[in-house]
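Engineer: First to last, the sequence lines map onto chains A and B.
Here our numbering is used: position 564 in the first sequence is 564, and no number is missing along the way.
Here our numbering is used: position 117 in the second sequence is 117, and no number is missing along the way.
Just so you know, these hints were derived from the structure itself, not from any lab.
Any given hint could turn out to be false.
Stated by the list, open to error - Derived SDA-like pairs (lysine to any residue); straight-line CA-CA distance at most 20 Å:
#, chain 1, residue 1, chain 2, residue 2
1, A, LYS203, A, ASP169
2, A, LYS6, A, LYS688
3, A, LYS688, B, LEU50
4, A, LYS688, B, ASN39
Letter by letter, the chains look like this.
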Amino acid sequence: MARLIKTEKEVEGRYTEQWVVVEEDVLDQWPAGARRVVGRPATRVDGLQRARGEARYTADVQLPGMLHTAVLRSPHGRARVKRLDVGRAMQAPGVRGVLTPRELAARDAADWPGEPSVGPHASEVLTCEPGYAGAPVAAVGAETFGQALAALSLVRVDWEILEPLLDGDQAVRRGSLLGEPRRYERGDLDRGLAEADLVVEAKYRTQVVLHNALETHQSVCRWEGDTLEVYTSTQWIWGVRREVAEALGIPADRVRVVCEYMGGGFGAKNDAGDHTFIAAELARRTGRPVRCALTRRDENRATGNRNATIQRLVAGARSDGTLTALGGEFVNAVGYDGFSPFTSGPMQLLYGCPNVRTVDYGAQLNTPPNAAFRAPGFVEGTFGLECLLDELAARLDVDPLELRRRNHADHDASDERPFSSKRLMECYRRAETHWARRAEVRARSEAPWRRGVGLASQVWYGGGGPPSYAWVRVGPDGRAAVITAMQDIGTGSRTAMAQIAAEELGLPLDRVDVALGDSARGPYASISAGSSTIPSMGPAVRSAAADAARQIVEIAAQRYDREERVLSLRDGHVVSTDGGSWPLEEIAGLLGDGQILGKGARGPNPAGMRVLTFGVQVAEVAVDVETGEVRVERLAAIHDVGRVINPLGARSQVEGGIIQALGHTLSEQRLLDPLTGDVLTQTLDAYKLPTIADVPEIVVEFVDQPDTHLTNLGAKGLGEPPIVPTAAAIANAIRNATGADVRSLPVSREEMLRALRETRGRAEEPVGASTA
Amino acid sequence: MLELRVNGGAFELDAPVGTSLADALRDRLGLTGTKIACNEGHCGACTVQLDGVPILSCITLVHSVGEREVTTIEGLRDHPLVEAFVRADALQCGFCTPGQIVSAAALVETDPEPDRDVIRHAMAGNLCRCGTYPRVEEAITTWRA
Ligand code: FES
Ligand code: FES
């Protein structure tokens, strides 16, 4: 009998309550350690298709009669359209549809001669009062992308240019905020500071970085009868389905969203996006399939970013390193729209400090809206906090690893909950080997290069939650298919789901297929964001496989005259404790064309517990103290994410996160034109992503112990944890190497030289001035 | 009409002057294994070989190819590097991967056992946002295994 219960669900630090129906018997978790399939390295089940260029991405969808779209975007951070003249564009060769903002479409439609079917048609996502450079103002659909671009160049706009607000601090002063400031306090910060033997204060800044997934944002929309097909590069098929249905005012089942292969998202593709609505509207107006794909340049202007932060932090501690106080004022320079990330999260969660006070401001600016970017807020907040802790450790002369152990949080002090599992101490223990290299690394310094080692801890979410569903189908050939309308954004979730089903069904991995990526072909699946795909979808897949396995055993018991309890599934057979063994295809084949159908759902999260992921990274750097060049030479990462499903894919995830973090720490920075607010770093030439030549030695370890409270798997997510502590670990290694405190990302040569100069200045000052 | 030699075959196609090789391959010949990620010569996703030399097809005009043989990922589908990339897990989203393999195939053709520095030099023009670089290095180091 189905039970209705309430559970808590979290995506990227935002909690909501969720009703969930629990039907099946709760499955016991598998014991810790590698199983037959789960916990063993598996190459990607779709690896060959991707490597051979056979996988069809949204970018490869070519439909007969498909139109292409070019979008006119505001070159000004803040402006008003006084007049928009699309007359010549509408008559340009190949043009089949023109969209303008609603106000203008209504006003101007009468002005233009020619074919009314071409337009101008109204689009809700186009604006005549752009609040950021890159905001979409008009769109043209034409037979070829070249024709669309040519027509776009014929559009004339008279702008009233207004002064843009571009600075986060200034926005806070002027009260230009998105939502109320978020305030948090436990204990009493002032008392904690008074009790401290030493107080350190510092201001940290992090820059704006751009996602730059290699497949740009794009959608192809086609009407098939009364159903809209949306091929799109998305992290959430079901989110797009709902958004598009609501925008068009049609039932959600009249929208089919397809994303079988996806060229990366990193948080920027959680929503449908303007391009999807533009394509859908043009498809409706023209009756043709329509592609709207962003160019790389537009990708970097208008599809989100990791927002900049300004962090004013204070920490107080006793002389033995015990924290008495942590305080922070965090300004998130969100942009024109978006969300204010939980940048104070690490300060609240990472340490057991009794007195903590934080405030987060979300500054509204005339810059492109932010979007979630791999652990939004926590990457930035961890940089500030973990650097401050090392500044504290240096002044107290306490070993940084020891300082962290001393302040370990045994429970979530922000709301007095126990952790569902936490093996950070084990991560610290394993970090010792890497940490012990300090003396040897420093000794390898050789003018002008100084070498050093630094570390930083990681805390982040990754527990996932309901609802999520899967079906498992076993056919007469003894093969199984997992069917669910989830997406694999490149993280290897297709492979992990196949492993989980294979494990439960006692099948080799190559006898399990996974059908995903199509809302018309499977049940509801959750978003691939917030490190939630495996912890949300994995348990649903296991329970569906278990349902199918139970039916197989029931059939075999009757057919072969055994008791169910003596039967189990192994190596593609049903085996009996008395030595009987029957191939699965023999049992499934009994049914002729019949199929065995299992269904499964994600159960609730553990009540009253905090589900988090943990880890530590140790960085080794070399700094040229004459030029300010920083080279990262080695990074060791140890993470606790519960059970690891696929150690091969998991290692890749960690390496990938660290490499993105390297870019964030050393080379990447979105630059704006200070007059217009437009993005200057629009190309992959101007915007410096790491290349293969920038990659240091990376060592990856997992604690790999199931979280016994979390689902039938005990597995947490891993997409985001590895990017969280890297910047701080590198900055702390720089301090160890040079004594300089870098406080601003990226650590450009300019910032490195500034920090070195500041250290030299400090060395000449009288000491002890800042001890409380 | 333009004649293009691709993956051992000859194709006739009609493309306006100014068409890039990448667009011709993808849109006219349906060879969508070649990806376009920047369309201006900055990322390497569109790498194909012309007579064995890796080039960026997004900034190569199809009319400039002439007699030269174009090799795309579709022409390398059975190259041992493909297996090596999968074995080493040298792909995540896979969008950069065809370009990586085409570059790597040109590299091992001239230097079957490239060392780390050679790999890093030859592959530095193939960006991967997912960060598969350590795996790419491993795949190229072990491609004959
Ligand atoms: S697509 Fe050709 S180099 Fe980027
Ligand atoms: S695998 Fe995603 S960009 Fe390389």
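Engineer: Hint by hint, work out which the structure violates, then give me just those numbers in ascending order.
Structural biologist: Of the numbered hints given earlier, those the structure breaks are 2, 3, listed in rising order.
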